[in-house]
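Engineer: Chain by chain, the residues:
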Amino acid sequence: MNRLEAELLGRKLKNPIIPASGTFGFGYEFSEYYDINILGSIALKGTTLMPRYGNPLPRIAECPAGMINAIGLQNPGAEQVISTELTKLKKVYNEPVIINIGGHSFNDYIETSKMFNDVDSIWAVELNISCPNVTGGGMAFGTDPKTIKKLTECVKKVLKKPLIVKLSPNVTCIQDMAIAAEEGGADCISLINTLVGMRIDLKTRKPIISVKSGGYSGPGVFPVAIRMIYETSRCVKIPVIGMGGITNAREVLEAMYAGASAVMIGTQNLVDPFACKKIIEDLPMVLDEFSIENISSVIRRNANA
Amino acid sequence: MKNVFLVVEQNIQLTHDFYKLVLRGDCAGNMAGMFVNIKLDGFSLRRPFGIADSDDHTITLLYKVVGGATKYMTSLMAGAIIDVLTCLGNGFDLNQGRKPLLIGGGTGIAPLYKLAKQLNEKKPDIILGFRSARDVCLTDEFSQFGKLHITTDDGSLGIKGTVVSYLISKKLDYDYYYACGPIVMLQALTKLTQNGEVSLEARFGCGFGACMGCSIKTVTGYKRVCKEGPVFSAGEVIFSE
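Protein chains in written order, with our numbering: chain Z, 3 to 307; chain A, 7 to 247.
One should not assume that every hint holds.
These stretches of chain Z come out as covered by chain A in the derived footprint (C-beta under 8 Å, 3 or more residues) [claimed, not checked]: (1) 30-36; (2) 43-56; (3) 61-70.
Listed below are the simulated PhoX-like cross-link pairs for lysine-lysine, each with C-alpha atoms no more than 20 Å apart in a straight line [unchecked claim]: (4) K45(A) - K279(Z); (5) K280(Z) - K8(A); (6) K158(Z) - K116(Z); (7) K239(Z) - K158(Z); (8) K279(Z) - K8(A); (9) K70(A) - K105(A); (10) K70(A) - K205(Z); (11) K280(Z) - K16(Z); (12) K8(A) - K45(A); (13) K176(A) - K166(A); (14) K77(A) - K205(Z); (15) K129(A) - K177(A); (16) K152(Z) - K239(Z); (17) K90(Z) - K229(A); (18) K280(Z) - K45(A).
It should be emphasised that the hints constitute simulated quantities derived from the structure, not laboratory data. Glycine included, C-beta positions come from ideal geometry on N, C-alpha and C.
Sequences are here, hints too, so could you generate the full structure?
Structural biologist: The structure is reproduced here in structure tokens:
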């Protein structure tokens, strides 16, 4: 019996640990470091309809307890992701994965989602309506409940796979956003994306990041994430994937007690390429410490419990 | 890439702000031009450094104190253990040219040290550029491996000017160059001549290809400084104006 087995959207996962989109590339590169088949699933790098270079450098600024990034959704475009990146990943990972989709317009999200309908190696779509690093779309969509509901409906209409809506923490009331996604037909919510932040270079007196602000992530956002996972999981009936500054197995358990059905590990992958492996290996010991037999027993079953 | 724990063997001040750090442990496989990414207590992200020298058991780094993390590094005592990702990136191509020229600016001299050592037999010319006399160091060491030319911005030692202005004024006999230094230096150099390779630096998120934080434009598409680089063919890089 696998103590770490979890279920998400009707799918059995070896464990609830999923590398977060944007911190794990298209997955296959980490197979140079360890056997990535140990992972619960993988959320791939944000993918758009057309190829994107993203923002000029610098795109990275370090912060106390984390970092700011403003990559700007660099990716080779959906067509090449399907033909090249997923082919490479299939050779080293045996299960289907989660594609993360970004866009500037409703049409972008709809058309890109459709492209993955018949791709066997994708089992779910994560809709990134919370990226702070693109102009138009991205976070602009994810901070207005009406738009969230409408966009979710539009994508859900054309999509044949489970739909995860990834929410932004840069809002006054996260519950309104989560409810809007649920009303629009989302099968699951993932949160939190990054918090908008900025650093100034003392020598140049200007923002370090080329596009001035970017998304703050890392251990510093963990308490914000826990609060939002807690609030969200108690106002919607669909499952919540928790993420935001998780660095170790104890924090995984904390996120699950907050209400997460699975967790995503982000920034820690960049500091420690073996982060997910270590967390998966440490989880049984943490379960022992708190006398938990199986991790599935801590997953919140319904919103009213 | 390898994740190893290395022991600080030496941490020596070379100039007012430039230090040499020698680490001991499993250091095999590190080629000239590759870099390491080190985790320092109290700092969120790792810090990348070009490998100045290495063998199977040691890695030597040269670092300049520019901020909190490098300031902290000066306090590392012999015996301290640090978490290091080694064998990162791609090194210089040693099989190019019959008469190589090495060009280093500022902290960019670091990765050229191991390279110069390995190109010793080809008797390379080596131009090292510094701001001022007080920044000049390792001249005896570099002189063992080739003919050394020193420039300083203020002319307080060697020839006044930059490495590129020196290269323009002096007719050096070379057929291939290796350069590392500030972006402005590399940009000026590649405008002048493209028969060589350049080692770039960028702010990294991860340093091993996962975050896309360091992607640059090249004539053959987007490339990551940390993964496809840091050494690129001189004609390949598209420098933004």
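Engineer: Looking back at the numbered hints, which does the structure fail to meet, lowest number first?
Structural biologist: Result: hint 9 breaks, nothing else.
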